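Undergrad: Take the sequence shown: its position 190, counting from 1, is numbered 190 in the numbering used here, and each next residue is one higher.
No wet-lab data here; the hints were simulated from the structure. Incorrect hints may have been included.
As the list claims (entries may be wrong) - Computed cross-link-like contacts, EDC-like style, restricted to lysine to aspartate or glutamate with a CA-CA straight-line distance of at most 20 Å:
hint: 1; residue 1: K232; residue 2: E258
hint: 2; residue 1: K201; residue 2: E258
hint: 3; residue 1: K207; residue 2: E190
hint: 4; residue 1: K75; residue 2: D109
hint: 5; residue 1: K133; residue 2: D88
hint: 6; residue 1: K33; residue 2: E104
hint: 7; residue 1: K133; residue 2: D109
hint: 8; residue 1: K34; residue 2: E73
hint: 9; residue 1: K34; residue 2: E82
hint: 10; residue 1: K75; residue 2: D58
hint: 11; residue 1: K152; residue 2: D27
hint: 12; residue 1: K133; residue 2: D200
hint: 13; residue 1: K218; residue 2: E190
hint: 14; residue 1: K33; residue 2: D200
hint: 15; residue 1: K34; residue 2: E87
hint: 16; residue 1: K81; residue 2: E125
hint: 17; residue 1: K75; residue 2: E258
hint: 18; residue 1: K232; residue 2: E190
hint: 19; residue 1: K207; residue 2: D159
All figures in this text were calculated on a predicted structure; none of them were measured in a lab.
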Amino acid sequence: MIKISLKTIACLLFFSQLVSIQSALADTGNTLKKLHDMRITSYAILGDYYMFSGLEGDSRYSRDMNAGMSTFEAKLAEITKELNSTEDLAGIVSNWQFYRSLIETNRSDFLSQGYANARLVGELEEKVIALNKSLSQAYSALIQATNFPVSKWTQTTRDMSLIIITLTAEYSARGTSSMGQILTIHINGEGMEHQAKVFDKHLSELKSAPGQTPSVAKSIDQVGVKWVFIAKSVANYNKNSVPFIVNSYGDRISQNLENIGNHYSASRQAKNK
1 MIKISLKTIA CLLFFSQLVS IQSALADTGN TLKKLHDMRI TSYAILGDYY MFSGLEGDSR
61 YSRDMNAGMS TFEAKLAEIT KELNSTEDLA GIVSNWQFYR SLIETNRSDF LSQGYANARL
121 VGELEEKVIA LNKSLSQAYS ALIQATNFPV SKWTQTTRDM SLIIITLTAE YSARGTSSMG
181 QILTIHINGE GMEHQAKVFD KHLSELKSAP GQTPSVAKSI DQVGVKWVFI AKSVANYNKN
241 SVPFIVNSYG DRISQNLENI GNHYSASRQA KNK
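Take these sequences, add in the hints, and give me the full structure.
TA: Written as C-alpha coordinates, this is what we have:
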(Lines of atoms letter the chains of each structure in order from A and count residues from 1; the text may use other names and numbers.)
(Lines give C-alpha, C1' and ligand atoms only; values in the text may rest on other atoms or scores of the structure.)
Protein backbone atom coordinates (compact mmCIF):
# COMPACT_ATOMS: atom_id res chain seq x y z
CA MET A 1 0.00 0.00 0.00
CA ILE A 2 1.28 3.47 -0.92
CA LYS A 3 1.20 5.88 2.01
CA ILE A 4 0.96 9.61 1.37
CA SER A 5 1.45 11.99 4.29
CA LEU A 6 -1.06 14.71 5.06
CA LYS A 7 1.67 17.26 4.37
CA THR A 8 2.20 15.85 0.90
CA ILE A 9 -1.54 15.89 0.20
CA ALA A 10 -1.77 19.50 1.38
CA CYS A 11 1.13 20.47 -0.89
CA LEU A 12 -0.49 18.74 -3.85
CA LEU A 13 -3.81 20.48 -3.19
CA PHE A 14 -2.09 23.84 -2.86
CA PHE A 15 -0.18 23.32 -6.11
CA SER A 16 -3.37 22.25 -7.88
CA GLN A 17 -5.19 25.37 -6.68
CA LEU A 18 -2.25 27.57 -7.71
CA VAL A 19 -2.23 26.08 -11.21
CA SER A 20 -5.99 26.57 -11.44
CA ILE A 21 -5.69 30.23 -10.40
CA GLN A 22 -2.89 30.90 -12.87
CA SER A 23 -4.89 29.25 -15.64
CA ALA A 24 -7.93 31.38 -14.81
CA LEU A 25 -5.78 34.53 -14.84
CA ALA A 26 -4.33 33.61 -18.22
CA ASP A 27 -7.81 32.96 -19.61
CA THR A 28 -9.09 36.30 -18.31
CA GLY A 29 -6.07 38.11 -19.72
CA ASN A 30 -6.65 36.53 -23.13
CA THR A 31 -10.33 37.52 -23.12
CA LEU A 32 -9.48 41.12 -22.19
CA LYS A 33 -6.94 41.23 -25.02
CA LYS A 34 -9.58 40.00 -27.47
CA LEU A 35 -12.08 42.63 -26.36
CA HIS A 36 -9.46 45.33 -26.84
CA ASP A 37 -8.47 43.95 -30.25
CA MET A 38 -12.12 43.98 -31.30
CA ARG A 39 -12.33 47.70 -30.47
CA ILE A 40 -9.26 48.39 -32.60
CA THR A 41 -10.60 46.26 -35.45
CA SER A 42 -14.00 47.97 -35.47
CA TYR A 43 -12.42 51.41 -35.91
CA ALA A 44 -9.94 50.07 -38.45
CA ILE A 45 -12.88 48.83 -40.56
CA LEU A 46 -14.38 52.32 -40.42
CA GLY A 47 -11.08 53.88 -41.51
CA ASP A 48 -10.84 51.38 -44.37
CA TYR A 49 -14.36 52.28 -45.47
CA TYR A 50 -13.48 55.98 -45.61
CA MET A 51 -10.33 55.20 -47.60
CA PHE A 52 -12.33 52.91 -49.89
CA SER A 53 -15.02 55.47 -50.67
CA GLY A 54 -12.64 58.42 -50.79
CA LEU A 55 -10.34 56.67 -53.25
CA GLU A 56 -13.16 55.74 -55.65
CA GLY A 57 -13.70 52.18 -54.49
CA ASP A 58 -10.06 51.14 -54.11
CA SER A 59 -10.14 47.33 -53.95
CA ARG A 60 -7.27 47.19 -51.46
CA TYR A 61 -9.41 48.79 -48.77
CA SER A 62 -12.37 46.61 -49.70
CA ARG A 63 -10.18 43.58 -49.01
CA ASP A 64 -9.00 45.16 -45.75
CA MET A 65 -12.63 45.62 -44.69
CA ASN A 66 -13.34 41.96 -45.41
CA ALA A 67 -10.27 40.88 -43.44
CA GLY A 68 -11.28 43.12 -40.53
CA MET A 69 -14.82 41.76 -40.44
CA SER A 70 -13.52 38.17 -40.50
CA THR A 71 -11.08 38.93 -37.68
CA PHE A 72 -13.80 40.55 -35.58
CA GLU A 73 -16.21 37.66 -36.02
CA ALA A 74 -13.55 35.07 -35.21
CA LYS A 75 -12.83 36.81 -31.90
CA LEU A 76 -16.56 37.28 -31.28
CA ALA A 77 -17.05 33.52 -31.61
CA GLU A 78 -14.30 32.98 -29.04
CA ILE A 79 -15.51 35.48 -26.43
CA THR A 80 -19.05 34.09 -26.79
CA LYS A 81 -17.70 31.02 -24.99
CA GLU A 82 -15.69 33.04 -22.47
CA LEU A 83 -17.90 35.90 -21.23
CA ASN A 84 -20.19 35.15 -18.30
CA SER A 85 -22.35 38.23 -18.79
CA THR A 86 -25.05 37.46 -21.36
CA GLU A 87 -26.14 41.11 -21.21
CA ASP A 88 -22.71 42.38 -22.26
CA LEU A 89 -22.48 39.77 -24.97
CA ALA A 90 -25.95 40.54 -26.34
CA GLY A 91 -25.05 44.22 -26.67
CA ILE A 92 -21.83 43.42 -28.53
CA VAL A 93 -23.55 41.01 -30.92
CA SER A 94 -26.46 43.35 -31.66
CA ASN A 95 -24.28 46.39 -32.28
CA TRP A 96 -21.85 44.40 -34.40
CA GLN A 97 -24.58 42.96 -36.63
CA PHE A 98 -26.02 46.44 -37.23
CA TYR A 99 -22.56 47.91 -37.87
CA ARG A 100 -21.53 45.17 -40.29
CA SER A 101 -24.81 45.54 -42.19
CA LEU A 102 -24.19 49.29 -42.55
CA ILE A 103 -20.65 48.73 -43.81
CA GLU A 104 -21.83 46.23 -46.41
CA THR A 105 -24.80 48.38 -47.51
CA ASN A 106 -22.69 51.53 -47.90
CA ARG A 107 -19.99 49.66 -49.79
CA SER A 108 -22.53 48.03 -52.09
CA ASP A 109 -24.26 51.38 -52.75
CA PHE A 110 -20.93 53.00 -53.57
CA LEU A 111 -19.98 50.25 -56.01
CA SER A 112 -23.37 50.20 -57.73
CA GLN A 113 -24.09 53.92 -58.00
CA GLY A 114 -20.83 55.71 -57.24
CA TYR A 115 -21.91 57.14 -53.90
CA ALA A 116 -23.48 56.01 -50.63
CA ASN A 117 -26.53 57.29 -48.80
CA ALA A 118 -25.37 60.22 -46.64
CA ARG A 119 -27.68 59.24 -43.77
CA LEU A 120 -26.37 55.68 -43.71
CA VAL A 121 -22.78 56.87 -43.81
CA GLY A 122 -23.57 59.05 -40.79
CA GLU A 123 -25.03 56.04 -39.00
CA LEU A 124 -21.70 54.23 -39.33
CA GLU A 125 -20.20 56.59 -36.77
CA GLU A 126 -23.13 56.19 -34.38
CA LYS A 127 -23.00 52.42 -34.56
CA VAL A 128 -19.21 52.08 -34.19
CA ILE A 129 -19.42 54.26 -31.07
CA ALA A 130 -22.24 52.09 -29.69
CA LEU A 131 -20.27 48.93 -30.48
CA ASN A 132 -17.20 50.28 -28.72
CA LYS A 133 -19.25 51.27 -25.70
CA SER A 134 -20.55 47.71 -25.35
CA LEU A 135 -17.03 46.29 -25.77
CA SER A 136 -15.64 48.75 -23.23
CA GLN A 137 -18.37 47.85 -20.73
CA ALA A 138 -17.61 44.15 -21.12
CA TYR A 139 -13.88 44.86 -20.66
CA SER A 140 -14.42 46.87 -17.46
CA ALA A 141 -16.97 44.42 -16.08
CA LEU A 142 -14.61 41.48 -16.57
CA ILE A 143 -11.78 43.28 -14.75
CA GLN A 144 -14.11 44.14 -11.88
CA ALA A 145 -15.60 40.65 -11.65
CA THR A 146 -12.22 38.88 -11.64
CA ASN A 147 -10.07 41.58 -10.02
CA PHE A 148 -7.65 40.97 -12.87
CA PRO A 149 -4.37 42.90 -12.47
CA VAL A 150 -3.98 44.67 -15.82
CA SER A 151 -0.50 46.19 -16.04
CA LYS A 152 -0.50 49.99 -15.99
CA TRP A 153 1.74 50.03 -19.04
CA THR A 154 -0.32 47.48 -20.93
CA GLN A 155 -3.40 49.64 -20.33
CA THR A 156 -1.47 52.74 -21.41
CA THR A 157 -0.52 51.14 -24.72
CA ARG A 158 -4.11 50.00 -25.25
CA ASP A 159 -5.40 53.52 -24.60
CA MET A 160 -2.82 54.86 -27.05
CA SER A 161 -3.84 52.29 -29.66
CA LEU A 162 -7.46 53.40 -29.42
CA ILE A 163 -6.43 57.03 -29.80
CA ILE A 164 -4.25 56.40 -32.85
CA ILE A 165 -6.88 54.25 -34.59
CA THR A 166 -9.65 56.79 -34.06
CA LEU A 167 -7.37 59.63 -35.14
CA THR A 168 -6.43 57.85 -38.36
CA ALA A 169 -10.06 56.86 -39.04
CA GLU A 170 -11.26 60.45 -38.64
CA TYR A 171 -8.32 61.79 -40.61
CA SER A 172 -9.16 59.36 -43.42
CA ALA A 173 -12.75 60.59 -43.37
CA ARG A 174 -11.81 64.23 -43.53
CA GLY A 175 -8.92 63.77 -45.92
CA THR A 176 -10.65 61.69 -48.56
CA SER A 177 -14.19 63.06 -48.63
CA SER A 178 -15.84 66.21 -49.86
CA MET A 179 -19.16 65.26 -48.25
CA GLY A 180 -20.32 67.85 -45.74
CA GLN A 181 -21.64 65.36 -43.24
CA ILE A 182 -18.16 63.98 -42.67
CA LEU A 183 -17.29 67.20 -40.85
CA THR A 184 -19.77 66.30 -38.12
CA ILE A 185 -18.11 63.06 -37.01
CA HIS A 186 -17.30 62.79 -33.31
CA ILE A 187 -15.45 59.51 -32.84
CA ASN A 188 -12.66 61.45 -31.11
CA GLY A 189 -14.83 62.85 -28.35
CA GLU A 190 -13.31 66.19 -27.48
CA GLY A 191 -11.71 66.54 -30.92
CA MET A 192 -8.62 65.42 -32.80
CA GLU A 193 -6.42 68.14 -31.31
CA HIS A 194 -7.29 67.08 -27.76
CA GLN A 195 -6.73 63.41 -28.51
CA ALA A 196 -3.34 64.19 -30.06
CA LYS A 197 -2.31 65.96 -26.83
CA VAL A 198 -3.45 62.96 -24.76
CA PHE A 199 -1.39 60.68 -27.01
CA ASP A 200 1.65 62.93 -26.50
CA LYS A 201 1.20 62.74 -22.72
CA HIS A 202 0.93 58.93 -22.75
CA LEU A 203 3.97 58.65 -25.00
CA SER A 204 6.08 60.77 -22.63
CA GLU A 205 5.04 58.52 -19.73
CA LEU A 206 5.71 55.35 -21.72
CA LYS A 207 9.27 56.45 -22.52
CA SER A 208 10.09 56.33 -18.80
CA ALA A 209 8.34 53.00 -18.13
CA PRO A 210 10.46 50.58 -16.07
CA GLY A 211 11.52 47.12 -17.13
CA GLN A 212 12.26 47.92 -20.76
CA THR A 213 14.12 45.32 -22.76
CA PRO A 214 16.21 46.49 -25.74
CA SER A 215 13.39 45.33 -28.03
CA VAL A 216 10.72 47.23 -26.08
CA ALA A 217 12.88 50.37 -25.92
CA LYS A 218 13.31 50.18 -29.69
CA SER A 219 9.56 49.80 -30.20
CA ILE A 220 8.89 52.84 -28.00
CA ASP A 221 11.41 54.84 -30.01
CA GLN A 222 9.72 53.73 -33.23
CA VAL A 223 6.34 54.89 -31.93
CA GLY A 224 7.85 58.28 -31.16
CA VAL A 225 9.50 58.63 -34.57
CA LYS A 226 6.38 57.61 -36.50
CA TRP A 227 4.16 59.83 -34.36
CA VAL A 228 6.37 62.88 -34.96
CA PHE A 229 6.16 62.17 -38.68
CA ILE A 230 2.34 62.32 -38.79
CA ALA A 231 1.51 64.54 -35.79
CA LYS A 232 1.66 67.78 -37.79
CA SER A 233 -0.59 66.32 -40.47
CA VAL A 234 -3.10 65.22 -37.82
CA ALA A 235 -3.05 68.68 -36.24
CA ASN A 236 -3.55 70.35 -39.64
CA TYR A 237 -6.03 67.87 -41.07
CA ASN A 238 -7.69 70.51 -43.25
CA LYS A 239 -4.44 71.37 -45.07
CA ASN A 240 -2.34 69.29 -47.45
CA SER A 241 -4.19 66.07 -46.62
CA VAL A 242 -2.11 62.86 -46.80
CA PRO A 243 -4.57 60.13 -45.68
CA PHE A 244 -2.60 57.21 -47.14
CA ILE A 245 0.54 58.14 -45.19
CA VAL A 246 -1.32 58.82 -41.93
CA ASN A 247 -3.29 55.58 -42.31
CA SER A 248 -0.15 53.53 -42.98
CA TYR A 249 1.87 55.03 -40.14
CA GLY A 250 -1.09 54.70 -37.79
CA ASP A 251 -1.18 50.95 -38.49
CA ARG A 252 2.54 50.63 -37.76
CA ILE A 253 2.24 52.60 -34.53
CA SER A 254 -0.58 50.27 -33.44
CA GLN A 255 1.62 47.23 -34.12
CA ASN A 256 4.48 48.70 -32.08
CA LEU A 257 2.12 49.50 -29.21
CA GLU A 258 0.73 45.97 -29.25
CA ASN A 259 4.25 44.53 -28.91
CA ILE A 260 5.01 46.87 -25.99
CA GLY A 261 1.71 46.05 -24.28
CA ASN A 262 2.28 42.31 -24.68
CA HIS A 263 5.67 42.65 -22.99
CA TYR A 264 4.23 44.36 -19.92
CA SER A 265 1.27 42.00 -19.82
CA ALA A 266 3.60 39.00 -19.78
CA SER A 267 5.79 40.66 -17.11
CA ARG A 268 2.77 41.26 -14.86
CA GLN A 269 1.56 37.66 -15.21
CA ALA A 270 5.08 36.38 -14.43
CA LYS A 271 5.12 38.42 -11.21
CA ASN A 272 1.79 36.92 -10.18
CA LYS A 273 3.02 33.34 -10.43
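Undergrad: Against this structure, judge whether each hint is valid.
TA: Now the hints, each set against the structure:
1. K232 x E258: This hinted pair is violated, its Cα atoms lying about 23 Å apart.
2. K201 x E258: Cα-Cα ~18 Å, so holds.
3. K207 x E190: The hint is violated at about 25 Å.
4. K75 x D109: violated, 28 Å
5. K133 x D88: holds, 10 Å
6. K33 x E104: violated, 27 Å
7. K133 x D109: violated, 28 Å
8. K34 x E73: holds, 11 Å
9. K34 x E82: holds, 11 Å
10. K75 x D58: violated, 27 Å
11. K152 x D27: holds, 19 Å
12. K133 x D200: violated, 24 Å
13. K218 x E190: Violated, because 31 Å separates the two Cα atoms, which is more than 20 Å.
14. K33 x D200: violated, 23 Å
15. K34 x E87: Measuring from Cα to Cα gives roughly 18 Å; hence the hint holds.
16. K81 x E125: violated, 28 Å
17. K75 x E258: holds, 17 Å
18. K232 x E190: holds, 18 Å
19. K207 x D159: holds, 15 Å
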